[in-house]
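Assembly of the complex is requested from the two constituent chains, each provided in isolation within its own frame, with the hints serving as guidance.
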Amino acid sequence: MSPNARRLAALSTGEDAEAQRILLTGIAVYEADTLEQRFAFVPEQPPEPDDPPYFNSLSISDDGRFVAFSGALREGEQRRQTVFLYEVPAAP
Amino acid sequence: MNKGFTLLLAAVCAAMVLSACGGEEKTPPTVPPPPSHGGQSEGSAGGGAATVDGLIDLGAALFSGRTADLQCQMTEAGLLLWDDRGAVLYDCAQKTVLGRSAEAIRPLGGGLFYAVERRGEGDYLVTLYDRHFKALAQHQSDRPAIPASDGRLLLYDQREIAVLDTETGEVSEFRVQDVAPDYPGGIWTHVFDGEWVFFAATCNPNPVGTPGIGAYNVLTGQALFDSGYSGRFTGPMAPTALMPSCWTLPPGPLRSWTWGQKPLA
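Chains A and B are the protein sequences, given in the same order.
Going by the numbering used here, the residue at position 2 of the first sequence is -8; the numbering climbs one at a time, nothing skipped.
Add 42 to the 1-based position in the second sequence for the numbering used here, that's all there is to it.
Chain B extracted, bound-state conformation (with noise of 0.2 Å):
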């Protein structure tokens, strides 16, 4: 079930994306204006509250008229800042920005990143990059990918789930039917804690039906099925939408958890 992915390694690929986007680009040391966010904060350094003036405006200073949500986060190489046409990579020290790229790139952690273009239906070229927005890989995915909390991706739809190991390209792969074929709707949601995808499928995708609770192992490969999951469920749009409650379990060990009253480790 590997057929779904294509790994064209480095060095072409590479030189392909670089060329699409311009490579990487260099900029001069950026000086941020002033906040102009009409908000208040407060620092305290010892004497109490004061107006923060190290507050700066790096939305204003390197995404200017840009309308779609903008993104961050502090990696190894310093803050990323992407919004969907793009992202910056800024040396918070430095005050210097230290990338810049066309492509929404994301953090994938352990110093890469990834960028996901979706180019039809079931088409999705998913692109690594190290940490001076190099392309090193990509991957031809017919699933949309999400980062894991390891740093590899997960490929996902409703009938499956892949983990892709970004370093290997290994693919591992679990289809819901093989486990839960009365679950015709498929995943529902999903986490994954690095070791186990924990999922909930449903028998009928809208409106959600019957629920039932799973976990797969992208280690050993072990898949199990909970048919007659009770336990808690919660959601914001309950009972009508049911969000299943793993999607709010804390990462951890699968033998912290237990599905009801039942263990499953």
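Bound conformation, chain A alone (with noise of 0.2 Å):
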């Protein structure tokens, strides 16, 4: 988790109990104080075991205007890692 003070950028995991780790399955951001959710990103495609998509880092400004993650994402057979930034709207 990637906190600021007004802002929580947060990342979904869920656990491959068999290959024991953890797959990093989407990216949140809330609103501290309210616990809104202000943004949500999340791969289309289902984890899969043996090839999850996942993602690597993740970070808020301080000021809780910009998330920024990168992540592996499937294209066909293809693997293709990426940086996402994205604007966090102002509360209204």
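Think of the hints as simulated: they come from the structure by calculation, not from any bench.
It is possible that some hints are incorrect.
Distance condition first, Cα-Cα at most 20 Å in a straight line; then the derived SDA-like pairs of lysine to any residue [to be verified]:
| no. | chain 1 | residue 1 | chain 2 | residue 2 |
| --- | --- | --- | --- | --- |
| 1 | B | K176 | B | Q219 |
| 2 | B | K176 | B | R127 |
| 3 | B | K137 | B | G120 |
| 4 | B | K176 | B | T138 |
| 5 | B | K176 | B | Q115 |
| 6 | B | K137 | A | Q27 |
| 7 | B | K176 | B | G152 |
| 8 | B | K137 | A | G16 |
| 9 | B | K176 | B | T210 |
| 10 | B | K137 | A | R55 |
| 11 | B | K176 | B | L154 |
| 12 | B | K176 | B | G151 |
| 13 | B | K137 | B | H174 |
| 14 | B | K137 | A | D52 |
| 15 | B | K137 | B | L167 |
| 16 | B | K137 | A | E26 |
| 17 | B | K137 | A | P79 |
| 18 | B | K176 | B | G153 |
Bear in mind the structure is a predicted one, so any value in this text is a computation, not a measurement.
In structure tokens:
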């Protein structure tokens, strides 16, 4: 989890008991005080034990305005490493 | 025991490194393409969930064709993206590239960055950079380096832990055998909270044998070791490869942690 004073950025995880590892399955940003979800990203591909999508890193800016995360996503038979950047909308 | 480190100060090394890597490279503003990740993202701007069109695929824009793991971290200077072949510093608000390097530059904190070049067996060159990717200093080390939480660098191997003050170049070193002569397996894992290095040592590295657990204060030089540690050990491969619980300890002062039933402080 990568917190700042106003917002929390979190990885959702699923446990692969057989392989004894943690699969990182999604990203979400919440308001720190209300826990209202402001952003979520979930890869379309379902986790596959032998070839799961995963995220390497997650970071939120000090002002909570931007969240960035990196991961490996499948595109057909290939994997593509990428970093996504998202500007979290201001609270209403 | 400072022989493993050589501090070569700013000017000469900066020039050398900048020459080697081409120096800071300014690039024109980048407008990344829309995402094509095949994923789903939702945002809430007060009107309920909606497809997010503000998701920028920086990987495709800045690291196209790379296959190594990409990492990212917000820093005081901007968003740093890096893999094993280079790094980019990105201004999220202006959507511009602030700097680009062919070095695998990583964040260190306090507006500093660093890169570790493995030049051979037991031969590492650690370079410190400022927020403009200009080299400030270089340290030759026989060990790899990882950043500490406070902007210092931890240099370590199985036998020794050293903490390098990146501002002064001073090195504080600790040898496991000084407090744990019966643990030739050395350090199995460690964690640094800014003042104390907690570590677990083994009498046999492969397979991991009887564990012991210790701590080293980088400010005072105080070292502690508990060979009778019988606390909780956890890990993905337990019980054949024990991962000491110090790896999972949250950062905090030493007094908040007890070894087994024996308080340290």
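ask   = Which of the stated hints cannot be reconciled with the structure, identified by number in ascending sequence?
value = 1, 6, 8, 15 and 16
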